[in-house]
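Using the sequences and the accompanying hints, generate a full structural model.
So the protein sequences, as listed, match chains A and B. Per my numbering, the first sequence starts with residue 231, numbered consecutively. Per my numbering, the second sequence starts with residue 2, numbered consecutively.
No wet-lab data here; the hints were simulated from the structure. Some hints here could point you the wrong way.
Unchecked claim - Not the full set, but computed from the structure, chain B residues with beta-carbon under 8 Å of chain A:
id : residue
1  : 64
2  : 79
3  : 85
Claimed, not checked - Only part of the chain A face toward chain B is listed, based on derived beta-carbon distances under 8 Å:
id : residue
4  : 294
5  : 319
6  : 320
7  : 323
8  : 324
9  : 331
10 : 332
11 : 338
12 : 346
13 : 397
14 : 656
Bear in mind that the values here come from a model prediction, so they are computed numbers and not experimental data. Where is the CB? At the ideal position from N, CA and C, for every residue including glycine.
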Amino acid sequence: MEDPTLISRWQFAFTIVYHYLFPQLTMGLALLLVVLKTLYLRRGDEAYNVAARFWGKIFAITFVMGVVTGIPMEFQFGTNWAAFSAFAGDIIAQTLAMEGAFAFFLESAFLGIFLFGERRFGQRVHWFSALMVFVGTWASGYFILATNSWMQNPVGYEEVAGGGVRISDYWAVLLNPYVFVQFAHNQGGAVVTGAFAMAGLGAYYLLARQHEHFGRMFVRVGLIAAVIGSVWMLFPTGHLASEQVAEKKPVALAAMEGQFETEQPAGLVIVGQPDMERERIDNPIVIPRALSFLVYQNWGAEVKGLEAYPQVNWPDNIPLLYYSYHVMVGLGTIFIAITVVAVFLLWRRKLFESRWMLWILMLATPFPFIANTAGWLTAELGRQPWLVYGLLRTQEGVSPLVSSGNVLFTLIGFAGMYLIMGLLYFVLMVREVAHGPEAEEEPSGESLTT
Amino acid sequence: METLWFVLVAFMLTMYVLLDGFDLGAGAIHTFIAKSDEERRLVLKSIGPVWDGNEVWIIAAGGTLFFSFPLLYASGFSGFYLPLIIVLWLLMIRGLSIELRGHIESPVWATFWDGMFFLGSSLLSIFYGVALGNVVRGVPLGEDGYFFQPLWTNFSPTNPNPGILDWYTILIGLLALVALVVHGASWVAVKTEGELNARARRAARIGWVALVALTAITTAATFSLRPGMLSSFSERPWGFVFPSLAVAGLVLVGYFGFRRRDRPAFLSSGAYIAGMMASTAFAIYPKVLPAVEPENSLTVHNASGSTYGLTVGLIWWTIGMVLAAIYFILIYRLFRGKVSLEDDGY
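See the structure below:
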């Protein structure tokens, strides 16, 4: 543990993975809050409004966690990755600063109105504030993804004498072709997380025979969003995302798929363990020709393996990349199966009596968090060994004078703080769930802040 | 163009200190002026809808600094590694304390978060002052534009390898704490009535006396330590408008404070803070990060982003700030007036 690059990577990875547990839920719930408020205004059923208040409270607690764990992300570019910031700051800081100017101010202002202003300003303003919170959280996601997309697929830049790059085409950076697929795929993932959380809690209430009216509503609304989101994750967005990787980063694709050798046609590895010493997959279960078809829509196409690329450009943790990718795809497939069956039962009006299905929905709640995390590990490990793909290697981006001991100190500090924050969040969530939506009948809660 | 962005970044940082300053100050004194649970909830309620938006200014200012002066961001943030991460931890603790206190009704829970709110707010105020003190004193920048400062060395600002903390930067930290206490107490006075209002006014008055003394001491210390800072003013005498604003604000805080006129007192303390921030920015310009070895200093010329990037940025920045100004005016108008617990309107 004496390599500052490695510890800085651990710190960034740890803090970003932990951070993103919260925004994926708030971005998904922000959309569902708009749905609930809209249903209330259109149908006039007070229960939808009570549900919106209840989920608004869960949203607010989660949002706070997202805000406080998000602050270290922007700062770490400067503290731990100073050489990268100096190298690419002229470009990535454009999108990061735009996030502050266009998303954060919007979010914070309208969240205040959403949480504090329902009685004072009336239902239309309240609905509008929910919409603006949704726009703000998703805009925030766009700017971050535009930043990440530039690191995955640098565009609109020119090299500067003496090292570094500067922006040459603003719109090319902001409208990087890479970001559209990333955004569509990532926001779909957030909807899946939010929708499974809503359906899962509804299933819990039905199984526990508490708040059953709301339980049925949560399952219905959550499940419809979940099935749309789950299918969207495979097609078109998942498909487009892997095509994009195949085109821009074929070496990452080969690592994700566990494709060591170039093959024609290539099979799709479903299960198996990468064996880096022998450069093969142990205990493989393979669907013949399937990889050729998925990548090139041609059952006979050649797919290049890792051997076709110089080893210095291989991602530096191929097994973890391979597992992350397979966990993401595997869970995504399972989500589609669960939601399609559950929607069928809902349509046949049998879902609320099918307790086995409610059990599955309840127990599925944490898995979208894992799938989203695995998806991000796939994207970021696939970018390695580059910090900016093809332009700057990761070890060239670290702060030159920050020693490993100092970074280890702060990494341990973050770990301790995040452990406590996780416990607090868990306690507060358990309390909200135990109180249930019926405690939200009155638009004023006594509590002061939310 | 670089100079314009220097002004804009300084403007955003000043906005941050003005806005988040009053809720930091409120946090630093709320355990002293608000005795009962009701009163503490009133203090929190006076900042409840706005503190998060106020804090966005530091994130937005950080982003704007990163984009307009990437080398300053890279050098400064890595050089101040430990104190910056500690500031992050304090920001996190403080945010949680404001938002989570109301979720469980228990005296133990509430008191714990009150303590965290006090700790986070007061230490952050001091750290911001210390950071400003470091910039004024200068940091040990190498020829490559990087430095790394330990938290302390021998506490002497004239050491060629100064630490983050020395007697000068600690002095500026105390000045910042007292200035924000006055600012925060004035805000609480504006937003409350009765006993709490009276105690907030008293805190602001006591703070004001300390502030006058500290302002005089730090000004003397700054010019004896960095006589060069005076040259900015002698070369461009119009700059005296900034210290004059600070002095006028300081005098008026006392004037209105003793006449129990809360709103003008709060605005005057804002003028004082803006004047002090502007004076500092004016004095260090064209440097953005002065070095112990003056020729290694980062300036607006050698640390800025590309001209094209800065030009494009000016367009979206202006749009973004106009939008932000609209939200802020809206929010502060919607939530204007004194706070009370009965008519909580949500």
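Each hint tested on the structure:
no., hint, verdict
1, 64, "3 Å, holds"
2, 79, "4 Å, holds"
3, 85, "6 Å, holds"
4, 294, "4 Å, holds"
5, 319, "3 Å, holds"
6, 320, "4 Å, holds"
7, 323, "3 Å, holds"
8, 324, "6 Å, holds"
9, 331, "3 Å, holds"
10, 332, "5 Å, holds"
11, 338, "4 Å, holds"
12, 346, "4 Å, holds"
13, 397, "4 Å, holds"
14, 656, "13 Å, violated"
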